[in-house]
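J.: Okay, here's what each chain looks like letter by letter:
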Amino acid sequence: MHDKKLSPVQTVIMGLALIIVLFPVFWILMTAIKPPTDWNASPAIWVPSEPTFVNFQTLFDPEALGKYGVGGVSQPATRAVFGSLLATIVSTTLSVFIGLFSAIGISRYGNNSKSTPLVILSGRMFPPAAIAVPFVIIFSNIGLIDSYTGLIAIYVAVTLPFSTWMLKSFVDDLPRQIEEAAMIDGRSKLAAHLTVTIPLIKGGLFATTMFIFILNWSEFMFALVLSYSNISTIPVQLAKYVTATAGTLYGVQAALAVLAMIPLVIVGYLIQGHLARGMTFGAIKQ
Amino acid sequence: MTQTPSSTSPSGKGLSNKAIARIFTVPGQVVSVLVLVMPLLVALYMSFTDWSPTRGSLFDAFFVGFENYSELLVYDTRFIYAVIRTFLISSVCLCLEFTFGLGLAVLFMRKFRGKSVLFSAFLTPMMILPVVVGYIFWMLFQSNGPINQMLEFCFGAEAAMEWFKHAPTAIFAVIITEVWHWTPLFFLILLSGLNSVPENPVRAAVILGANPRQVFWRVVMPTLKPVIIVAFVIRAMEVIKLFDEVYMLTRGGPGSSTETISLYIYKLAFNDFQLAYGAAAAFLVLVGSLLLVHMLLAPVRDQLLEGDN
Chain Z
1 MHDKKLSPVQ TVIMGLALII VLFPVFWILM TAIKPPTDWN ASPAIWVPSE
51 PTFVNFQTLF DPEALGKYGV GGVSQPATRA VFGSLLATIV STTLSVFIGL
101 FSAIGISRYG NNSKSTPLVI LSGRMFPPAA IAVPFVIIFS NIGLIDSYTG
151 LIAIYVAVTL PFSTWMLKSF VDDLPRQIEE AAMIDGRSKL AAHLTVTIPL
201 IKGGLFATTM FIFILNWSEF MFALVLSYSN ISTIPVQLAK YVTATAGTLY
251 GVQAALAVLA MIPLVIVGYL IQGHLARGMT FGAIKQ
Chain F
1 MTQTPSSTSP SGKGLSNKAI ARIFTVPGQV VSVLVLVMPL LVALYMSFTD
51 WSPTRGSLFD AFFVGFENYS ELLVYDTRFI YAVIRTFLIS SVCLCLEFTF
101 GLGLAVLFMR KFRGKSVLFS AFLTPMMILP VVVGYIFWML FQSNGPINQM
151 LEFCFGAEAA MEWFKHAPTA IFAVIITEVW HWTPLFFLIL LSGLNSVPEN
201 PVRAAVILGA NPRQVFWRVV MPTLKPVIIV AFVIRAMEVI KLFDEVYMLT
251 RGGPGSSTET ISLYIYKLAF NDFQLAYGAA AAFLVLVGSL LLVHMLLAPV
301 RDQLLEGDN
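The listed protein sequences derive, respectively, from chains Z and F. Residues 1 to 286 (full-length UniProt numbering) are what the first sequence spells out, left to right. Residues 1 to 309 (full-length UniProt numbering) are what the second sequence spells out, left to right.
Isolated chain F, as found in the complex:
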């Protein structure tokens, strides 16, 4: 690369800002194009074919138009249920994680001994691998596991159950696992939000005679709002991808009653080898999530882009 005299910046010598920006960001862009954009194009192409691994090369595929898509959207109830289920599980998880995280964060605004040790302890779950979290809760929910043991101790022998044999309890187990794993993230984010609430408006409200509840809802919550939205958006982006924990806990069972979108696509493509159909499902989900993420991000756009030029 030859050095050209800078024409734009008064300080420094060498390359122009534009050239530097390009050199610095090119490797990242190359990686993104090669490893994210290209596969997407391949998936798009595949989704209009009936290709399967037995057919040999990608180019031996036979075009079927929108057949895969119409099949998915109209006839494939398993796919439609997986989508609905993923959204239901996600919403329940997010609400519980937010409630518990906020409760804990509010407690941490008070004074008590051993605060820093407890703070670290409460963050532990989010530092554990999703697969391991899934495995741990799979053990806890075994029919002779500790959860049943505690239930028997409290409510008698008939309280114990086969958690993974029935749809409602299996979904319950998935939700509990997910909430245990990710409440700490809400706690962490909300605590840092609470800590940055300015003290003066709070004091002023107290002097003006507001009770603690009014102070919380009228003064603290409005300042906390952007932080809450960021937390929700980020968690929503993650929870929609739910796979590892469910794979370890139930493999989607019993039947397909705990299948998430990710798990269904995984089974389609890698258990049943319906790669073209799987690619169509994958592409639908990609477009759907793209629309969703842009909707979710709209209110926090500026927050996330803060500090930009």
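Extracted from the complex, chain Z is given alone in its bound form:
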């Protein structure tokens, strides 16, 4: 079954599937470079006659649309971009760091309880909305609401099972004998892990970091319910643009959407071989 070629019918099916997969991406890219006159044209304009970067400019300088006689956005996206970068980078670093040690701990010294992994997995099953309710109550009592500290704490907690489990699958793949050899040479267990285990799973560590980055950068609901006036992230800002402007600023919204997806698509292609491993907690290896 490995060596047959595609039949003509199959080629056509593949082509159609490719169009369906790529069309929405094409549409958002085109909308992001449409001038205001093309935004909401009826019938819709597929390829703008005069492509422009004014939508991207407007995200950071609300006056940029002035030359088209269109009022800009009420709120520049600067703060949201900063917020997304801050929350994502800090929480990804923390999640991977804590997850790394948990992964080595579980993989090498495992707590023999078979249920622990399942408890952690179950933690991922909870709808964010169900966790968000108590979070908001607690955070408003201890002053962590509308703060990056609170947001980062949640991000670390919800991505920790992923980073632990993905890293554990990489540590599991590594033969124990390599570490044991270092220990026989006189190194302590901790030193053996620091100098042998961690360098040997470098690739896996990178893939995990990027995967957790994707999860944190995409997160929407916690940021939505925790942010009022002090903090914002790109997904929240996008949702607000759509509500506040009732679809009149298509181009600017699309520009923000493109800005949000570019880093993820790049990161996603970099680790595409590991995406399945991350999504399935290491149960599917490639």
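Quick caveat, the hints were computed from the structure, so don't treat them as lab data. Predicted model, so just to flag it, every value in this text is computed and none were measured. Treat the hints with care, since some could be wrong.
[Unchecked claim] Simulated crosslink set (DSS-like; lysine-lysine; CA at most 25 Å straight-line):
id, chain 1, residue 1, chain 2, residue 2
1, F, Lys-115, Z, Lys-285
2, Z, Lys-5, F, Lys-111
3, Z, Lys-240, F, Lys-267
4, Z, Lys-285, F, Lys-111
5, Z, Lys-4, F, Lys-111
6, Z, Lys-285, Z, Lys-202
7, Z, Lys-4, F, Lys-225
8, F, Lys-165, F, Lys-18
9, Z, Lys-285, F, Lys-225
10, Z, Lys-4, F, Lys-115
11, Z, Lys-240, F, Lys-165
12, F, Lys-115, Z, Lys-5
[Claimed, not checked] Computed spacing ranges between beta-carbons, pair by pair:
id, chain 1, residue 1, chain 2, residue 2, range
13, F, Leu-73, Z, Ile-13, 45 to 51 Å
14, F, Lys-115, Z, Arg-79, 23 to 29 Å
15, F, Thr-77, Z, Leu-190, 55 to 61 Å
16, Z, Asn-141, F, Val-287, 42 to 48 Å
17, Z, Phe-60, F, Glu-67, 47 to 53 Å
18, Z, Leu-194, F, Pro-254, 54 to 60 Å
19, Z, Leu-18, F, Thr-77, 42 to 48 Å
Yeah, the Cβ is synthetic: ideal placement off N, Cα and C, and Gly gets one too.
Dock chain F against chain Z, hints included.
T.: Then chain F, alone, in the frame of chain Z:
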């Protein structure tokens, strides 16, 4: 921390295995307890009260027993419909994603030019943020958007419709969005499964005179079964949480006809500020999902725990 001589392991010096395991896993456990278990306990406490933000401190809440729960389970049809709807949308999405993903994975078992480029292209949707996916499809389904334009082109002017104004079409839009977004994950998982099907049994079956259909159903599928179950369980866990795309597409509308469990709890707690009632709903969903996930996981327990000590 003082160093104690290892008593268990012949290799290496320093702390015992148990101590190392504890030190390594403690930070993770602390985070889980603080940020997951504690909120759950608070939610449980809240769900038996009538607390609302206007009442001030958490301790000023008034106990109402199981009132919130009986209200939800007996009288709140909006909640019950949201639960049923979430399961229906999830099942339809999973079946479609599986079918399309498997079809595509089977095509990728053949030889053709540009395979690696196409492989990456087909993975693109799952690399895009759910919010952005929701936004993109919201634009596509606008009344003067490209989908209506194509429908008009193919079937005439009356084929165009207001997708978000009617319940069936709005649900259809949600399903299409979700299927577009996550079929690539099934494709990815099933392709790696197909690639690991050993060749010898397949060859043997062919020599024994099996036709391609028999080979697929009798030889390939049984080997693929564990992979399929893992894929289904993982996707089921995610799709039950469906929120971002629906929020961007319909906000649950028209009326409450596209509300998922997550969206309903969100509206209860953060639009209507019925936090105690929302906490009860949240807690019900937590217990329900816990039971469900353990049922779903039962057949793949060993698969997921593989490589454990």
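J.: All hints are to be evaluated individually against the structure, with a verdict given for each.
T.: Now the hints, each set against the structure:
1. F:Lys-115 / Z:Lys-285: Distance ~20 Å between Lys-115 of chain F and Lys-285 of chain Z Cα, so the pair holds.
2. Z:Lys-5 / F:Lys-111: Holds, because 5 Å separates the two Cα atoms, which is no more than 25 Å.
3. Z:Lys-240 / F:Lys-267: Judged against 25 Å, a Cα distance of about 16 Å means the pair holds.
4. Z:Lys-285 / F:Lys-111: Holds. Lys-285 of chain Z to Lys-111 of chain F sits at ~23 Å (cutoff 25 Å).
5. Z:Lys-4 / F:Lys-111: holds, 6 Å
6. Z:Lys-285 / Z:Lys-202: The given pair, whose Cα atoms are some 17 Å apart, holds under the 25 Å limit.
7. Z:Lys-4 / F:Lys-225: holds, 24 Å
8. F:Lys-165 / F:Lys-18: violated, 60 Å
9. Z:Lys-285 / F:Lys-225: holds, 15 Å
10. Z:Lys-4 / F:Lys-115: The hint holds at about 14 Å.
11. Z:Lys-240 / F:Lys-165: Holds, at roughly 21 Å.
12. F:Lys-115 / Z:Lys-5: holds, 12 Å
13. F:Leu-73 / Z:Ile-13: 45 to 51 Å: holds, 46 Å
14. F:Lys-115 / Z:Arg-79: 23 to 29 Å: violated, 43 Å
15. F:Thr-77 / Z:Leu-190: 55 to 61 Å: Roughly 58 Å apart at Cβ, these two residues keep to the hinted range, so it holds.
16. Z:Asn-141 / F:Val-287: 42 to 48 Å: At 24 Å between Cβs, range violated.
17. Z:Phe-60 / F:Glu-67: 47 to 53 Å: holds, 51 Å
18. Z:Leu-194 / F:Pro-254: 54 to 60 Å: With Cβ atoms ~58 Å apart, the hint holds.
19. Z:Leu-18 / F:Thr-77: 42 to 48 Å: Since Leu-18 of chain Z and Thr-77 of chain F have Cβ atoms about 43 Å apart, the given range 42 to 48 Å holds.
Checked against the numbered hints listed earlier, the structure breaks hints 8, 14, 16; every other hint is satisfied.
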